[in-house]
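Model the full structure from these sequences, guided by the hints.
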Amino acid sequence: MPPRLGELEQLVLLALLRLNDRAYGVAVQREIAARAKRSLSFATIYTTLNRLEGKGLVSSRLGEATAERGGRRKTYYSLSSAGREAVKSSLRALRTMTAGLGAAWEAP
Amino acid sequence: MTAAPRPPERAVRLLTWALPAELRDAILGDLEESFADLTQSTPNVSHARRWYWREALIAAAIFAPRRRRASAERGDSLMSALATDLRYAARLLVRRPGFTTLAAVTLAIGIGATTAIFSAIQPILLEPLPYAHAERIVHLWEGTSFKDRDNVTFLTINDVRTQSHSFDWIATYKTWSATLSGTGEPEQIPGDRVTHDYFKILGVRPMLGRDFREEEDVENGPAVAIISNALWHRRFAADSSVVGRVVQINGYQYTIIGVLPDGYENVVDPTAQVFGLMQYALTDPWSCRTCHHLRAVALLKQGVSVREATADVNAISARLVRDYPKEYAKAGMLVIPLHEQVTSGVRPVLLAVMGAVALVLLIACANVMNLLLARGAQRRGEFAMRAALGASRTRVIRQLLTESVTLSLVGGALGVGVAIFGVQALIALSPAMLPRLGAIHVSASTFLFAFGLTTAVGFAFGLVPALHASRSDLHLAIKEGTRRTGGSSHRVRGMLVVSEVALALMLLVGTGLLLRSVHGLLAVQPGFDTAHLLTMQVSTIGPRYNGDSTTRNYFDRVLLAVRNTPGVEAAALTTQLPLSGDFDKYGVHIEAHPRANPEEDPSAHRYAVSPGYFKTMRIPLLRGRLLDEHDNATSPSVVLVNETFAKRAWPGEDPIGQRIRVGSATQGPWRTVVGIVGSVRQVSLDAEEPDAFYVTEAQWLFVDPAMSVVVRASGDAAGLASAVERAVWSVDKDQPITRVATMDALIQRSEADRRFALILFEAFAVVALVLAAAGIYGVLAGVVTERVREIGVRAALGASRRDIVELILRQGMGLTAIGLAAGLGLAFGSVRVISGMLYGVTGSDPVTYVGVTLVLAGVAAAACAVPAWRASRVDPAKTLRVE
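Protein chains in written order, with the numbering used here: chain F, 1 to 108; chain U, 1 to 883.
Any given hint might turn out to be false.
[Said to hold, decoys possible] Distance windows between CB atoms, simulated:
#	chain 1	residue 1	chain 2	residue 2	range
1	F	Ser80	U	Ala61	42 to 50 Å
2	U	Leu448	F	Gly56	53 to 61 Å
3	U	Gly381	F	Arg73	50 to 58 Å
4	U	Ala61	F	Ala33	18 to 26 Å
5	U	Arg50	F	Ala67	22 to 30 Å
[Stated by the list, open to error] Just so you have them, the derived chain U footprint on chain F, three or more residues with Cβ under 8 Å:
#	region
6	20 to 28
7	71 to 85
8	88 to 102
[Said to hold, decoys possible] Listing some non-contacts, in silico: residues in chain U with all C-beta distances to chain F over 10 Å:
#	residue
9	Pro8
10	Ile27
11	Ser34
12	Arg54
13	Leu86
14	Leu126
15	His133
16	Thr162
17	Tyr173
18	Glu219
19	Arg234
20	Arg235
21	Ala425
22	Pro690
23	Ile759
In case anyone wonders, no lab produced these hints; they're calculated from the structure.
We put the beta carbon where it would ideally sit given N, CA and C, even for glycine.
Written as structure tokens, this is what we have:
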């Protein structure tokens with residue numbers, strides 16, 4: 001049974017999924033802002049990423065340092081297979097819960 | 001192109017501190033990247049900054065608490081153990097404000113007072129004088145011992161200069177009252193007349209202009225002056241064009257040729273602010289071999305010791321006595337190092353004060369040790385528990401040491417405050433004779449001294465309770481509970497109380513003896529009536545008063561004007577004022593008892609007075625008649641002598657009608673003794689009345705340029721001062737008036753050094769009394785707390801309240817008695833430290849010893865009373881129920 005996810009965790013994991021291998025702080029923040037219209041602070045995003053990493057749902061690797069970042073290196077995050085499973089089961093639960101509620105609830 | 005805007009610096013710093021290391025780069029980098037995007041997309045930079053700050057604050061709020069937790073979990077390293085100890089110590093100290101305040105204030109007083117005294121003593125006694133070759137600068141005196149030293153004469157020093165090979169330079173100097181006029185109000189400024197090499201010896205060069213030149217130091221040489229930096233600032237507004245300016249000094253034109261550097265301290269004559277040249281010739285009458293009115297200061301040649309120089313000058317002196325047998329009493333010259341010369345007067349006072357403050361520090365330390373020991377005893381249960389829970393013995397000791405060092409650091413910090421205040425008070429209190437006052441300040445080394453002392457004291461008094469508390473079987477302590485303590489702790493605390501009492505008694509004895517000395521001195525009859533007496537010195541300066549008759553006429557008119565001032569009962573003039581520091585002696589040659597060498601004849605204080613002097617001063621006439629207006633320049637020369645002199649000069653004979661000659665043995669008139677007056681203390685209250693003779697001004701050898709006016713007021717003497725000053729100035733508004741003081745003030749001032757020591761001893765004694773009382777109280781209060789069950793049992797078995805009070809009092813007063821006995825012995829053994837300051841009492845004065853013992857015993861009894869009363873209130877039922 002994969003671990004249950006909170007809403008923030010769902011949002012972040014889905015952002016990672018969408019961004020594929022280009023997911024780092026700024027990209028995640030923008031993706032969520034653009035699609036979900038949710039403006040999250042970096043502190044919130046990283047706390048969530050940290051927690052997900054602690055559960056083994058994401059993994060991180062250090063990226064390149066660029067001038068526009070003041071010479072600081074990016075940290076890239078990606079879903080682990082357990083992370084994928086967790087997202088799937090989370091979405092499945094949602095879908096099961098909305099089934100039969102009518103057209104207004106079925107398809108987002 | 002302008003540089004891209006940067007994220008707010010302080011927000012970045014906040015983030016750097018708050019973020020965990022593994023996220024720092026990622027988050028800061030992301031923020032910077034977004035910040036750059038924001039500022040590019042919108043010209044509003046402040047919006048981007050606000051955004052950045054919001055991000056930073058959220059991050060800090062989220063990550064900073066985790067950060068603390070992480071560091072706390074890092075384990076029991078030495079530093080974190082120290083931090084824990086410190087935090088625990090601070091918490092304990094705050095939780096017991098009474099104990100903390102008492103201990104910290106005790107330490108602050110002990111350490112602060114010591115630091116203040118040390119600050120004052122360091123520049124005076126310990127530091128070398130601020131000169132390049134301070135150790136080679138010496139004073140030269142004629143005489144055979146420091147006590148009987150005499151001023152030198154110009155001819156003698158000239159012979160030493162030419163014959164000796166011990167000195168690079170020898171300068172002579174004498175004080176000079178320089179009245180500066182021409183720029184602003186006329187003002188009398190203390191100064192010195194010096195020979196040209198004076199400043200070379202003291203190792204200082206003028207900061208502006210130049211030093212004196214040898215070719216200027218001749219009779220009728222140029223009138224040139226060098227001024228002090230302070231005078232240059234005050235009087236000439238630090239104008240650098242002052243060199244070459246012509247000023248009026250004493251009515252003559254002087255050219256200022258130099259200004260001394262800032263910070264230059266003249267310890268030879270600290271008051272002097274203007275310097276002129278001596279310009280003596282060997283043939284001048286005042287250069288004579290018996291004209292002892294000059295001081296001499298010299299620079300030893302490199303490698304010549306004081307002893308060698310002394311032998312050198314004494315050989316010269318012996319030759320002089322052989323060559324001029326009638327002009328020297330006996331051979332002998334003294335070479336006194338400058339430092340010794342400067343400090344000789346105050347050394348006994350300062351050493352005594354230093355001893356007193358050391359006692360205070362010891363008492364303070366004993367007291368704090370006592371407090372900590374008592375608390376260690378109360379906390380035995382706590383330490384036993386800690387040990388049972390696995391704390392090692394060293395860990396417990398370390399914890400206790402941390403507590404005591406924390407306490408002593410707090411005490412030390414407060415003590416520095418006390419020291420700063422103390423130094424101010426010392427400077428305000430200090431007698432005029434205290435040298436190098438300007439150099440006294442709380443110095444860096446003093447701060448270090450205070451700090452080192454605090455830490456050392458902390459370790460010292462921390463260790464004893466720490467050892468105590470951590471020794472012995474801890475499980476036993478847990479079983480016993482926290483109420484009882486072992487006997488050894490009581491013994492140590494008892495010893496501490498005993499030593500506190502003993503030390504306090506030593507201080508009290510010193511204070512008592514000084515107090516009785518000062519009281520005794522102020523009760524001394526100086527030989528005249530000091531009440532309602534106003535004095536001031538009036539001088540004549542300038543070419544206007546060159547002739548004797550103009551000067552004499554001026555003083556006559558001054559006296560008349562003063563006498564006509566309302567509120568003046570009587571007034572007179574004198575060349576020498578008792579107890580003012582005036583010192584004017586002449587050799588007296590007695591016709592009936594001539595000596596082979598007239599230089600061996602006695603000398604006596606000379607007073608040239610106006611005839612009303614004795615009535616004004618209320619000096620009694622014992623035999624014969626007083627001087628009057630008829631004793632003028634044309635009438636036969638007459639003289640009054642005082643009783644002391646009459647007895648010494650004509651033992652078993654009638655002095656009336658005898659004749660004396662003063663000054664020269666071969667020249668001048670023979671003066672007939674017409675009366676004997678009461679003797680007067682001239683030098684100080686504690687010096688016996690010296691020999692003295694009185695003549696009228698009109699019959700003296702020359703006209704003195706300065707006289708003291710003495711005024712007997714019908715009411716308040718001080719209140720009359722300005723009216724009298726106005727009367728003097730009504731005669732000539734350009735003549736300076738100096739040294740305006742009531743006789744009572746002069747007497748207070750003449751006792752200033754003793755008073756200084758007394759005030760400090762009194763302050764220290766009060767502190768010692770309070771501390772000793774606190775110590776006794778603390779120990780007994782502890783005893784009562786610890787023995788409360790025993791007392792309850794006693795009460796239950798039928799002991800009356802009185803019995804219980806007696807029980808506690810006996811314990812407290814027993815300790816006090818041992819302390820008193822020890823203190824009496826110690827005081828008796830060490831009293832010679834202040835013996836030089838005693839007057840009218842001996843070091844073993846029984847009244848003082850008995851008196852202070854009673855005072856201390858009374859205070860101790862009062863300190864015992866509260867715990868004893870508390871013990872008597874112990875409710876036996878309550879205590880036994882607990883059992």
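Each hint tested on the structure:
{"no.": "1", "hint": "F:Ser80 to U:Ala61: 42 to 50 Å", "result": "violated, 30 Å"}
{"no.": "2", "hint": "U:Leu448 to F:Gly56: 53 to 61 Å", "result": "holds, 59 Å"}
{"no.": "3", "hint": "U:Gly381 to F:Arg73: 50 to 58 Å", "result": "holds, 57 Å"}
{"no.": "4", "hint": "U:Ala61 to F:Ala33: 18 to 26 Å", "result": "holds, 21 Å"}
{"no.": "5", "hint": "U:Arg50 to F:Ala67: 22 to 30 Å", "result": "holds, 25 Å"}
{"no.": "6", "hint": "20 to 28", "result": "holds (count 3)"}
{"no.": "7", "hint": "71 to 85", "result": "holds (count 4)"}
{"no.": "8", "hint": "88 to 102", "result": "violated (count 0)"}
{"no.": "9", "hint": "Pro8", "result": "holds, 13 Å"}
{"no.": "10", "hint": "Ile27", "result": "violated, 5 Å"}
{"no.": "11", "hint": "Ser34", "result": "violated, 6 Å"}
{"no.": "12", "hint": "Arg54", "result": "violated, 7 Å"}
{"no.": "13", "hint": "Leu86", "result": "holds, 32 Å"}
{"no.": "14", "hint": "Leu126", "result": "holds, 58 Å"}
{"no.": "15", "hint": "His133", "result": "holds, 63 Å"}
{"no.": "16", "hint": "Thr162", "result": "holds, 84 Å"}
{"no.": "17", "hint": "Tyr173", "result": "holds, 74 Å"}
{"no.": "18", "hint": "Glu219", "result": "holds, 85 Å"}
{"no.": "19", "hint": "Arg234", "result": "holds, 61 Å"}
{"no.": "20", "hint": "Arg235", "result": "holds, 64 Å"}
{"no.": "21", "hint": "Ala425", "result": "holds, 58 Å"}
{"no.": "22", "hint": "Pro690", "result": "holds, 90 Å"}
{"no.": "23", "hint": "Ile759", "result": "holds, 66 Å"}
Comparing the model with each earlier hint shows violations of hints 1, 8, 10, 11 and 12; every other hint is respected.
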